[in-house]
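Enquirer: Sequence:
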Amino acid sequence: MSNMKFRTENKITEIDHIYFITNGTLDEMNKIENPNQVGKVVRRDTGEIVSEITPLFMIINQCSKNFREKLDILIQNGGDMHMRINYYGTSRSAEEIMNLFRKKSESTHLA
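Okay, so the sequence shown: first residue is 1 according to the numbering used here, each after it adds one.
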């Protein structure tokens, strides 16, 4: 399944300020008061919950040029890189996702 198809088949629910996470500036990221909020990834067609997700996971997955700065803001606001969620059927932390899917140089100096 391509990423584009994935994005159209699923939606993220139960995350406050989702626009700031997906499209926001660094200043807007400071408005996120609950960086450990656990939301859901839901299939649009069936309503089936396929995963849990947090703002930290969302930022790591975005691969934006300034993801590290956004991640640092969430960590400063209380984001827990070690908190585990059910991420697509596996218990994972944001730190694990970072180490698995980001380049080594991008994942240094984690909180």
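No lab work stands behind these hints, which were simulated from the structure alone.
Each hint should be verified, as a subset may be incorrect.
Under the rule of at most 25 angstroms between Cα atoms (straight-line distance), these lysine-lysine pairs were calculated in the DSS-like manner [unchecked claim]: (1) 11 <-> 65; (2) 65 <-> 31; (3) 40 <-> 11; (4) 11 <-> 31.
Taking CB as the label site, the calculated pair distances span [what the hints assert, rightly or not]: (5) 83 <-> 62: 27 to 37 angstroms; (6) 31 <-> 89: 12 to 22 angstroms; (7) 45 <-> 75: 33 to 43 angstroms; (8) 101 <-> 11: 30 to 40 angstroms; (9) 11 <-> 36: 32 to 42 angstroms; (10) 86 <-> 34: 33 to 43 angstroms; (11) 9 <-> 30: 16 to 26 angstroms; (12) 75 <-> 47: 25 to 35 angstroms.
Every residue, glycine too, gets a C-beta built ideally from N, C-alpha and C.
Enquirer: Against this structure, judge whether each hint is valid.
Expert: Right, here's what the structure says about each hint:
1. 11 <-> 65: 23 angstroms, holds
2. 65 <-> 31: Holds - the C-alpha atoms of residue 31 and residue 65 are around 20 angstroms apart, at most 25 angstroms.
3. 40 <-> 11: Holds. Residue 40 to residue 11 sits at ~8 angstroms (cutoff 25 angstroms).
4. 11 <-> 31: 22 angstroms, holds
5. 83 <-> 62: 27 to 37 angstroms: 19 angstroms, violated
6. 31 <-> 89: 12 to 22 angstroms: Taking Cβ atoms as reference, residue 31 and residue 89 lie about 32 angstroms apart, which means the hint is violated.
7. 45 <-> 75: 33 to 43 angstroms: Since residue 45 and residue 75 have Cβ atoms about 35 angstroms apart, the given range 33 to 43 angstroms holds.
8. 101 <-> 11: 30 to 40 angstroms: The hinted range 30 to 40 angstroms is violated for residue 101 and residue 11, with Cβ atoms some 21 angstroms apart.
9. 11 <-> 36: 32 to 42 angstroms: At 21 angstroms between Cβs, range violated.
10. 86 <-> 34: 33 to 43 angstroms: 18 angstroms, violated
11. 9 <-> 30: 16 to 26 angstroms: Since residue 9 and residue 30 have Cβ atoms about 32 angstroms apart, the given range 16 to 26 angstroms is violated.
12. 75 <-> 47: 25 to 35 angstroms: Once the Cβ atoms are compared, 32 angstroms apart, the range 25 to 35 angstroms for residue 47 and residue 75 holds.
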